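Letter by letter, the chains look like this.
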Amino acid sequence: MTVSARAPLDPLGTVDAVARRRRLRPVTPVPWRRPLALTGLAVLGAWVVVAIFAPLIAPQNPLAQKFTILAGPSAAHWFGTDELGRDVFSRVLFGARITLPLAVILIVAAMIIGAVLGGIAGFFGGWVDNVIMRLTDLVFAFPGIILALAIAAALGPQLRNAVIAVVFVSWPSYARLVRSLVLSARSAQYVVASRLLGSSGLRVLFVDIRPNAAGPVLVLAALDIGNAVLLLSGLSFLGLGAQPPTAEWGAMVAEGAQNFNDWWVGLFPGLAILTVVLAFNFIGDSLRDLLDPRTARAVRV
Amino acid sequence: MSSASVTPSAVPRRRLRKPRARHRDLRRFLLQRLGTGVVLLIGITLVAFVVTHLVPGDPAAANLGQRAIGDPAAVAAFRHQYGLDRPVPVQYVVYLKNLLRGNLGISEQSHRPVLDDLAEYIPATIELALFAIVLSMIVGVGLGVVAAVYSNRWPDQVIRVVSLAGVSMPIFWVALVAFYLLFFKLGWLPGGGRLDPAQNPPTHLTGMFTVDAAVHGQWALLWSALRHLVLPGLVLAIYTVGVLTRFTRASMLEIMGNDYVRAARLKGLPERVVILRHVLRPALVSIITVAGVAFGSLLSGTVLVENIFSWPGVGQYAYHSAINLDLQAIMGVSLFVALVYIVVNLGVDLLYGVIDPRIRLS
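Protein chains in written order, with the numbering used here: chain R, 1 to 301; chain X, 1 to 362.
Okay, chain R solo, but in the shape it has when bound (with noise of 0.2 Å):
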C-alpha cells in the first residue's frame, strides 16, 4: 500500500535503491515480531484444544483405576501411573478442562466486580468512595493466600468455594485501577461534553467512560490471570480446593507431594499449571508493551 501511494511522489527514482528496498519488504504481521506473544497464544491456544478434545486425545478415562500403581513413564502410559494406577497423561489432559474454563470465571468475576466498585467510588466520590476505597485498601493488605486460606476453609473445601476465595481476593486491584480512569475522565471534555448533553450518571459511566477504561483493564487482567491460576491451584494443593478424585493439576502435585519418589505423578502437572501460566504471562507482558504508553516508552528508549 505504501508503495503505490508513494510510487507517483518519486517519479524520477531520486530515492536511492535502499530506502526503496526497505519500503518493498513486506511488513511482518505484528504478532510476529512479537515472539513471546506468539508463543503464549500458541501453547495457551494447544491448552484450549486439549481441553475442548480431552476426552478424544486422552488415551485413558481419567479416573479409571488399574493394577498398575506407580508405574513410571512407558509407551501405554507416557507420564507414568498414579498411586491409584490412573492413568496420569489422561488426568493432565483433563486437569485443562477445570483450570482453563476457571481461569477465565474467575477473572471475568474479579474484573466485574473491581471495575463496579471501581467505577462507583471515582465516579461519585464523597464519602462511598472513602469507604470503598478503605474496603480495597484492607483486602489489599492481607496477602492473598492467607486471607483466600480463611474463606476456603471456612466455606468448606470446595472446588467452588476456592474460586470464591480467589475472587474474594483478587478484586482490588481492579477497584483501584478503575477508579484512577474514572477520576481522570470525569474532568474530560467528552464526559463534560455528554454531561452538558444531558446524560444521567450512570449513562456516562456506563456509555461514555466504560470503552475507554476497557483497555488498561484488560492487560491487568491479561498479567493477572496467570497469578489467578496459581493461588487457586495452590488452594487445591493445600487440599481447600478440589476434591478427589478430580483430576485437577494443584490437586495432582499435592498427590506427587505424597509419592515423591515417583517424580512423575507430581512433575507433569505442575509443568502444566507452569506452561498455562507462562503463556499467559508472555501474552499479557506483550499486551502491556504495546498499550501501556509508560512502559512502551521506556522500552523504545
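Do not rely on the hints blindly, as some may be mistaken.
Stated by the list, open to error - What follows is a set of in silico ranges between Cβ atoms, one per label pair, in the way DEER data are often shown: (1) 161(X) x 105(R): 20 to 30 Å; (2) 356(X) x 127(R): 47 to 57 Å; (3) 215(R) x 161(X): 45 to 55 Å; (4) 55(R) x 257(X): 25 to 35 Å; (5) 110(X) x 258(R): 22 to 32 Å; (6) 339(X) x 55(R): 46 to 56 Å; (7) 65(R) x 161(X): 18 to 28 Å; (8) 226(X) x 39(R): 31 to 41 Å; (9) 199(X) x 66(R): 15 to 25 Å; (10) 258(R) x 187(X): 16 to 26 Å.
To be verified - If you only want the chain R side, here are some residues facing chain X, beta carbon under 10 Å, derived: (11) 51; (12) 53; (13) 150; (14) 233; (15) 239.
What the hints assert, rightly or not - When the alpha-carbon atoms are kept at most 25 Å apart in a straight line, the in silico SDA-like pairs for lysine to any residue are as follows: (16) 185(X) x 257(R); (17) 97(X) x 257(R); (18) 185(X) x 126(R); (19) 97(X) x 135(R); (20) 185(X) x 258(R); (21) 66(R) x 257(R).
These aren't lab readings, by the way, just hints derived from the structure by calculation. Nothing here was measured: the structure is a model prediction, and the numbers come from that model. Beta carbons are placed, not taken as given, at the ideal position from N, Cα and C, and that holds for glycine.
Given the structure of chain R, go ahead and fit chain X onto it with the hints provided.
Positioned in the frame of chain R, the structure of chain X alone reads:
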C-alpha cells in the same frame, strides 16, 4: 508510597529549614502513620472476624472428636468455652477488649494462648522471609540492571524469559522439585526443619537461629541453620526475583532517557558510574516500593513453602489454623500479617528519604 512525593520546588526551601523543623516533620509523619496503622489493624480484625464468623463452617465440628460431636452437651460446652454461644457483635467487642490487654485468645488447636504460639513461630518466618527478600533484591536488581544495560539485545531477551518464568512457577511445585533434586537425589542440602534433628536451638535471643547462633558464637549451629535456610529461601525468592527484575529494568530504562544521564556520559564519566550512581540510585526509590509489596507476597508464599519444608513458622500455623477453623489463631495470624504490612510500608517510606534526599515526608 502515596504519602511521600517528589516536590522539586521544595528542594531549596528544605535546605533552609532548621534541623529542629525536620525532626518535627518526622515526628508528625510517624504519628500520622501510627494513627492510620491502628485504624488499619482494627479494620483487619473486622474483616477477619466477619470472614471467619459469618460463614457456615463450624469450629466445634472441626475441633471435637467423632464421639464428642454427637453429644449436645459437649458441643455446648465447647461453644461456651470459646464464647461462640454469644452474638457475633458481642464476640467482636470482647475480642477487641482482650486485644487491648494483649490477649489474643486461646488457640483451639494447641490449647495455648495465640500470642505464645505466634511468638514461637514468627521469628522462623521473619528469618526465612528476610533471607528470601535480601536474596531476591540482590539477584533481581542485578539481573534488572544487566537487562537494562543490554536492552533489546540477547541478554535482555534471556532475562525477560527467565523473569517471566519466575513469576509463572507454581511455588509449591518448585519446592517439590527442588526438594527432590537437591535433597533426595543429590543430598546437597537438608530437606526440612530449621536445624539437624540432633541439634538444639542456639541460646535464645531473637528466635532467628542464624542471628542467635552468630551472636553467641555457636558456629556449628550457624552453619547448620544457614544450610537449612537455603532451600526454602531459594524457592521463596523465585517469584520475587522475577518481579524485581522486570521492575528494575523498566524503571532503569525510563531514567536512562533523561538529559542528565546523557550529560553525565558526555562529561566523560565511566559507564559503570553512570549506570550505578546516576541511573540505579534514583531507580531504587521505586524498586524499594515494589520490594515492599513483594515482601507481602513472600509471606503468602511461606504458607506453601513452610508446609513442604516443615519450617515451623507462621505460614504452617496459618494453614493448620485455617484447616481446623481455629478462629482465634486465624485472627492472630491476620493481625501479624497486617502488622508486617504496616511496618514494611513505613520502612519503605523512611528509606525514600535515605535514597533520595529530595523526597520530603508529608
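Structure-based check of all given hints:
no.	hint	in the structure
1	161(X) x 105(R): 20 to 30 Å	29 Å, holds
2	356(X) x 127(R): 47 to 57 Å	35 Å, violated
3	215(R) x 161(X): 45 to 55 Å	26 Å, violated
4	55(R) x 257(X): 25 to 35 Å	54 Å, violated
5	110(X) x 258(R): 22 to 32 Å	25 Å, holds
6	339(X) x 55(R): 46 to 56 Å	50 Å, holds
7	65(R) x 161(X): 18 to 28 Å	39 Å, violated
8	226(X) x 39(R): 31 to 41 Å	39 Å, holds
9	199(X) x 66(R): 15 to 25 Å	45 Å, violated
10	258(R) x 187(X): 16 to 26 Å	21 Å, holds
11	51	18 Å, violated
12	53	25 Å, violated
13	150	5 Å, holds
14	233	6 Å, holds
15	239	8 Å, holds
16	185(X) x 257(R)	15 Å, holds
17	97(X) x 257(R)	43 Å, violated
18	185(X) x 126(R)	61 Å, violated
19	97(X) x 135(R)	23 Å, holds
20	185(X) x 258(R)	16 Å, holds
21	66(R) x 257(R)	21 Å, holds
Violation of the numbered hints given earlier is confined to hints 2, 3, 4, 7, 9, 11, 12, 17 and 18; the remaining hints are satisfied by the structure.
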